[in-house]
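With chain V fixed as given, assemble chain B onto it according to the hints.
2 protein chains.
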Amino acid sequence: MQLKVKILRFLAGKPIAILSEETAGKINVHVGERISIFKDHKRIIAVIDVSKGGMLKTGEIALSNEIVASIGLKEDEIVEVGIAEKPESLILIKKKMDGGVLKSEEIERIIKDVVSNALTEAEIAFFVSAVYRSGMNDKETEALIRAMVSTGTQLHFKGEVVDKHSIGGIAGNRTTPIVVSICAVAGLIMPKTSSRAITSAAGTADVIESIARVEFSIEEIKKIVTKTNACIVWGGSLGLSPADDKLIQVERLLNLDPKAQLLASVLSKKISVGSKHVLIDIPFGKSAKVSKAEGLELKKDFEKFGKKFDLNIRCVLTNGDEPIGWGIGPLLEIRDIIHILKRDEQPVKDLENKSLFLAGQIFELCGKAEKGEGERLASAILDSGKAYNKFQEIIEAQNGKVPSMKEIESRLGIYRKDILAEKSSKIIDNKKINLIASIAGSPMDKGSGILLAKHIGSEVQKDEKVLTIYSQSQARLNNAVDLFKKIRPVEY
Amino acid sequence: MQLKVKILRFLAGKPIAILSEETAGKINVHVGERISIFKDHKRIIAVIDVSKGGMLKTGEIALSNEIVASIGLKEDEIVEVGIAEKPESLILIKKKMDGGVLKSEEIERIIKDVVSNALTEAEIAFFVSAVYRSGMNDKETEALIRAMVSTGTQLHFKGEVVDKHSIGGIAGNRTTPIVVSICAVAGLIMPKTSSRAITSAAGTADVIESIARVEFSIEEIKKIVTKTNACIVWGGSLGLSPADDKLIQVERLLNLDPKAQLLASVLSKKISVGSKHVLIDIPFGKSAKVSKAEGLELKKDFEKFGKKFDLNIRCVLTNGDEPIGWGIGPLLEIRDIIHILKRDEQPVKDLENKSLFLAGQIFELCGKAEKGEGERLASAILDSGKAYNKFQEIIEAQNGKVPSMKEIESRLGIYRKDILAEKSSKIIDNKKINLIASIAGSPMDKGSGILLAKHIGSEVQKDEKVLTIYSQSQARLNNAVDLFKKIRPVEY
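Protein chains in written order, with this note's numbering: chain V, 1 to 492; chain B, 1 to 492.
Just chain V, with the same shape it has in the complex (with noise of 0.2 Å):
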């Protein structure tokens, strides 16, 4: 049936389309349903909500503007729509909750219906868990790692490609913006994508959004990369592995991250972004995501499935103990990150000792510097201050700018709340620690989230303080507030 399309400028975070009550009955489908949205040879589904005032007039559509975006139309273009039938991924999702093995066309079907949204939230959240729960054999996740990449776009720059990524979890761990900056200087090529928060309070891309663009064309991150050599942005813009960016924002509702699908999410966006070398930071630990086993599990699952898609993998096993750095939330880290390529006096040392082992970790696994001798090259760009000119240079390329620290601190939460010991500490929880912040608004609100004043080890007194809470809304704080005394993240 055919149908004008009425641009309402809606947001719904999903596909809607809505219909009036007489051309819902007139193509025969209900509320919740599903119904295929064919434009020249592209096909998009979405789901009805019903109209049943003077909204619409019958043989209009109304659509939010995520399919707008995703097939592009125009007020009073007309459309084909029909109904889409259930989909067959139903049917296979159900086999994996009942514990059944999936085979790679049958994964390859399910990420088909993830991307043209033929399932809806709920149904990929029963992916979810049949994942979680049974986990994937080897067959499978190679099969997962394919249908991403095949479902999503690739890229390809010329020069010596490098990538890096660190397993979420560990509270301010923003060792990225760093690690580009040195490797960029370096002459290597890093189109760095990265991820929103999905157990952590913050990711790279929320970090960076605080001040600059994140989101971007394929087109425009080539010249981005062409220009600076690098660029941090979000990888969900460019579609790399739109599969992968819906399974996230599942995941997200319960901050799971099963493990299958953790590897195909960073191998399916480092092959599609057409890495060559690439650094895997596997922080372990009692708060953060993995055991030292389980890092070790992961370090070999890694290095397996790279080997069958041609990356030339290194893990490095690092202590994800406590958070890393003072700021947790997007303003607050990008200070930290501030402060150490500046050079300026405030210390922020873990952050800086990490992020020069991460690059050095780099330049050896791709021939830049001798075995022994990465960390030394790093230092030594750090120091020359070209990795802050780089920052700025990518920064500014991605349409935005470095702030002063006034700057900064201008635009933190006006909300604030000081934590004081009650009696002396012990250690600070990254889960907790990062439940707070983001209950605190990170990292929706880029001036929200927790500075730490102390690290772990550090002799706390009573009534000293421990860290603080900022927020941009009173209830937010509050809210913050309430979780820290009941989780208490600080041991006494």
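Bear in mind the hints are in silico, worked out from the structure with no lab data behind them.
What you were told as hints is all true, and nothing was included just to trick you.
Any copy, or any two copies together, can satisfy a pair, since identical chains are not distinguished.
Pairs of lysine-lysine residues, derived as DSBU-like cross-links and limited to a Cα-Cα distance of at most 30 Å, are as follows:
no.	residue 1	residue 2
1	K86	K417
2	K485	K86
3	K26	K486
4	K42	K486
5	K292	K276
Below, chain B alone, put in the same frame as chain V:
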């Protein structure tokens, strides 16, 4: 923050609130996040869509019909709106996903959050899948039943209140309208609340809805039962167990029906409706929901939990090897029911015999008949024509009218396809028949479904008709025929 209500009259299948970008910014909420809406002492939670056009002014809030209905709002009314914090239930759902055992108060917390919309469909899917995978122990199941009852409405009727329930999954197993009519003639009180389709092609509520209203207020139900001794309505409309209604909506996506939830779903509604004597029909067989061993297990569970809640429960295991009656789909099933009640010559013997057996069991359970005499009493009532009169009375009390065969025929789907046997047939599979009937449009399209021409054991010659698929749209008919060819519910 106070906002002015705009009634846009749209159905989203869930509580949605639309705000302008400016308003969302002022409250500090983002797409997909949740807000609390307060009116008098009621609070409901809604998920945010953001309008980027001029659809709404700053300070206005547009709400989906689901919200308008549930707290009763008028155009231009002022409501208080605030950020809804992330529900604590998420941590509890994660705990259950990780194989943990939930405390009674934790289950209560989750169920309360389900009822108040604090959880999204995807989050409820995680809970359903956790229960599906891990099961629930006795204490958890009891807490689930109690939480479902306590978050719902409770009814009280005078007289001997009886009830029945059939475990779903058997195509065409529409004994309820016949059993209810017979029991009501005998003076028993039977306020029957039924579900819509979960795992089968139609639920009793879907079927009765094709000829009468099934959604009523508590006050209306009381009038209907006082007048006729009975009713056959949709349980969801009464809010007897609103949590269960929402869980079912999510389970339906994958045709899941975990045991603890099945027990809680059935028992919570029987308790809430004030039943004393409850007969539970457990069909077992190869393509039924349960095997004989599982059926016996379920029987034990029902009896165990029935005792805890003071219900006089009897479970009967019945043959669930194949569909019952000839029709599968709302109006096709009504046809079978009327044939039996009117004592037409057209035989629907399997459905008739089963209905008499179940009514007889209820008579014996509540002491209306001596042991071994129940079925005879039921049969006498059916033959007297009084059960048909009672059915008409109930349908009319529910604002309906029992249609003539001619009227039914005129309302059946005009898109039809006879399926002919390729060889001689052996088995007609329940699950597959249900699936095909639902693809054809059942239960939403009342005239769609399947009309069987043969039952198990009947000899079918090559090119003889096995069944006819009815649909109200060519597209759905095609999908159903394609599915038939693919999954072959008829064994040759």
